[in-house]
Amino acid sequence: MINLQLVPYILSKVTVLFLFSLVQSWALLWVLSRKVELPAEGALLPGPLEMYVTLVLATLASILMGLLISSLASN
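Here the sequence shown is numbered in my numbering, starting from 1 and rising by one per residue.
In case anyone wonders, no lab produced these hints; they're calculated from the structure.
You may find that some hints are simply not true.
Across the chosen pairs, the derived CB separations fall in these ranges [what the hints assert, rightly or not]:
#, residue 1, residue 2, range
1, Ala40, Asn75, 43 to 53 Å
2, Val31, Leu60, 16 to 26 Å
3, Pro48, Asn3, 39 to 49 Å
4, Asn75, Glu41, 16 to 26 Å
5, Val16, Leu38, 22 to 32 Å
None of the values given here were measured: they were computed from a predicted structure.
Every residue gets a Cβ at the ideal spot worked out from N, C-alpha and C, and that includes glycine.
Kindly generate the complete structure, drawing on both the sequences and the hints.
Next up, the structure:
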């Protein structure tokens with residue numbers, strides 16, 4: 001409505017939601033680590049860091065899938 005092009009619009013949505021997902025993934029992993037002992041080692045990285053990266057990538061995929069589904073809806 002204000003002459004915003006498609007790519008800057010999508011990047012602004014993804015950037016803001018991705019920043020929220022960074023915090024949300026950290027909070028989930030922190031709460032989980034209070035109740036369960038996390039593994040010390042992962043396949044490639046230290047265990048907690050590997051779990052954090054996995055959570056962040058999963059939330060990024062969910063953000064992009066949600067934007068795709070919302071773009072397919074007419075209203």
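Numbers of unmet hints, in rising order: 4
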